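One line per chain: the protein sequences are Y and V, in this order. Note that the working numbering has the first sequence beginning at 179, numbered continuously upward. Note that the working numbering has the second sequence beginning at 179, numbered continuously upward.
Read the hints as simulated data drawn from the structure, not as lab findings. Being a predicted model, the structure only gives us computed values, none of them experimental. There are no misleading hints in this set.
Think about it this way: if two alpha-carbon atoms lie no more than 30 Å apart in a straight line, the pair counts; the simulated DSSO-like pairs of lysine-lysine are:
1. Y:LYS252 <-> V:LYS535
2. V:LYS405 <-> Y:LYS216
3. Y:LYS265 <-> V:LYS405
4. V:LYS252 <-> Y:LYS405
5. Y:LYS197 <-> Y:LYS252
6. Y:LYS363 <-> V:LYS204
7. V:LYS405 <-> Y:LYS322
8. V:LYS377 <-> Y:LYS335
9. V:LYS491 <-> Y:LYS481
10. V:LYS363 <-> Y:LYS204
11. V:LYS377 <-> Y:LYS379
12. V:LYS204 <-> Y:LYS361
13. Y:LYS361 <-> V:LYS344
14. V:LYS361 <-> Y:LYS204
Number of protein chains: 2
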Amino acid sequence: MQEINKEYIDHICELLESKQASSILKLLEEFHPADIAKIIEDLNTKEANGLFTLLDDETASDVLVELDEDIQQKLLQDIPATEIYEKFLEPMESDDAADIINELPEDVKEKVVNILSESKEEEAQDVIELLDYPEDTAGGLMAKERIQVNINENVSKCIARIQEAKEELDDIYAVYVVDEEEKLKGIIPLQNLVLYSPKTKIIDFFESEIISVDTYTQAEEVARIMKRYDLVVLPVVDSDGILVGRITIDDVVDFITEEAEEDYQLASGISEDVDPTDKIWVLSRARLPWLLLGLVGGVAASKVIGQHEASIKIYPEMAFFIPIITAMAGNAGIQSSAIVVQALAGNTLGESSFFAKIFKEFTVSFINGMICSVILLAYGIFFTDMLQTALTISISLLAVIILASTLGLAIPLLLQRIKIDPALATGPFITTTNDLIGLAVYFYIGHMMYNIPF
Amino acid sequence: MQEINKEYIDHICELLESKQASSILKLLEEFHPADIAKIIEDLNTKEANGLFTLLDDETASDVLVELDEDIQQKLLQDIPATEIYEKFLEPMESDDAADIINELPEDVKEKVVNILSESKEEEAQDVIELLDYPEDTAGGLMAKERIQVNINENVSKCIARIQEAKEELDDIYAVYVVDEEEKLKGIIPLQNLVLYSPKTKIIDFFESEIISVDTYTQAEEVARIMKRYDLVVLPVVDSDGILVGRITIDDVVDFITEEAEEDYQLASGISEDVDPTDKIWVLSRARLPWLLLGLVGGVAASKVIGQHEASIKIYPEMAFFIPIITAMAGNAGIQSSAIVVQALAGNTLGESSFFAKIFKEFTVSFINGMICSVILLAYGIFFTDMLQTALTISISLLAVIILASTLGLAIPLLLQRIKIDPALATGPFITTTNDLIGLAVYFYIGHMMYNIPF
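So here's chain Y without its partners, still in its complex pose (with noise of 0.2 Å):
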């Protein structure tokens, strides 16, 4: 398979400007839509543009299905919405229609979503329902398509259905058993069926055994379900057990792989998903927003410490050890709140009650605080002749790591219980508020050491 590196979509630009599209497109021919769209990813928006065009309408629709949405957007929209309705989403499948149209401008997305209303066909509905539910819930990330027979039929049918299928599903694993009413009775595995005389009845070796989950499971819920059992297919019912539609893999693992990303970002205080070939206003503002909250408590921090102006004039070295209180406040908060993060997540958080798990988080910071802290406090006796801060130091810093830690832990816990993603107490928001106590304790016990009024 040709690599796409640097010199071929350079090639393909040349191809572009000099507007050789016989020949463009004889290369894209060894192409997976895949590996198109990713070369389309590398090109500037004209010569995307200009490629996207050249292409036949069934190769542009399978391209469009793998492109990154931004771009999605950007090649559509010049184009009016019956044409994106018949060139483009006709010949998807459900899910990954709906996913398109989710995307685009209001404007567009209603004209399109009429055209949807007044098709007589099928699939036209199927997109239209699907449109209905959440994004992050099983009804939006099933298709509507599947292979579905009656318990009453036999295998000859089930064939009949795959080879009407065939055009329209390239990933059919499994054909969904339903009752009169379209009820979810069980699933006859593929490689089941291959076994099987055309004249088997169905209900003579169908599985009844089946995992299922509901239109509204909620999408982590999904992968769960998927990756605890290995399931590469997941039929969804409704809320009277009625086969809608299915869920596959590839889905879940985008699913999976975003979320991942997601909560990276929030950990290291990026507000969106970029990547290093974004453009530099779009790399600017996903990281400002981060900043200008350190700004704000950076700015906060400097009036705590500006409390104790007097102090430091007399015992400066109070000011050589702010870096290590915020750091340290920083790393222990951000590890309690990783761990309680990801366990959210993975579901891995165990039934022990608030309190315990506070408790026990105490248990450890105690136990790393005091670690910590000795070192300190030898380092301070043996190294330094400044004891009486080696000693003010060891005791905040004991009391910080306590704090932060136990903090990092709790406020992803409470936002949890208010329906916030606990993900939004990691990085810069922990470490910010973490400063800032950390600061105060330091200084409150400064103060009590060296025996200052207030």
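Given chain Y's structure and the hints, the job is docking chain V onto it.
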């Protein structure tokens, strides 16, 4: 399906306590092995052992595959090697058996490998072959079991092969087509197989365009390929193009999840994969290393500041802004390192040169640094009377943000170049480095601004 909650676990513990084996087995009957694994993971070691020994060999083997590695090893530690092989490993698929053997203590592992070597069975040889591949390669991810037919055979042969393998293989999605030398020639998705009559020759309808990897392809690349092309299974060939195994998506999903968790932990200063339910000393151990790094960094920072004791005595307001410098250096560095680490993981770094990337990062951080500096300067001018300090801080802040961001970009790129995991350069490592550099810059600029001699 019965939910596994605390009450349910307690109920099982009571039954274990009162040795009601048959009641327990009856309860567990309705569960999937993955669910029984989850129950065992919620028990203490003694209870887990008690429950595990109750299971029949086949169930025990299925459950073992689903368990966390450390619990697997605990359950196996008192069982002789022969028994481990005969009871648990023999019924497993080759990749699961190899994974478990790889985690065994060296002496037990050696004994098991000896038993395998002496076995005449093909399955045993398969496992031995798999043990030779590094864990993070296609060879380490693949299973040997697959459905393989010669290109000159017909559909009925495919079906016969599926029938033979039915017991040992519960996830068949495709039949692989090879030539006389066992070189991979193509694939027949099961959904196509069902459409042809038993007498149809394979050569007349198999798909010859096929995506495969070789045994030494890196696991990251395997994940990328399966994700990009939405594959549920990927054939693996050796250097001669001979088909040797296949990778299923469930193993790749586990790999993706583990990698994301690892990067998240590194960014959060946690050195082991821990859950809130782990023992206190495990939690403490996972967090201590980066706290100690923070401690060393903090002591070094106190040295940097200590050199400016005289200036702090005269201008104590220099101390007020220490946290803003360290916080912003930390935040800016973490942001840029996180973006590059994520891009390296997702292979979305783009094709520009190292210096082009540095220049772009410089621009982004210059913009964000200017915005933050101007805001801080305005605050200093309008809300405080410390004009000179405000100017010093603002200039320092700009310099520190640019420096920290650029380092945050450069360090992971350099680590990648010398084949060290770039994710190491996130979290506490980057904040500690940037604290020190930031403080040095800040006090240097302060010196110049206040015109204090060194």
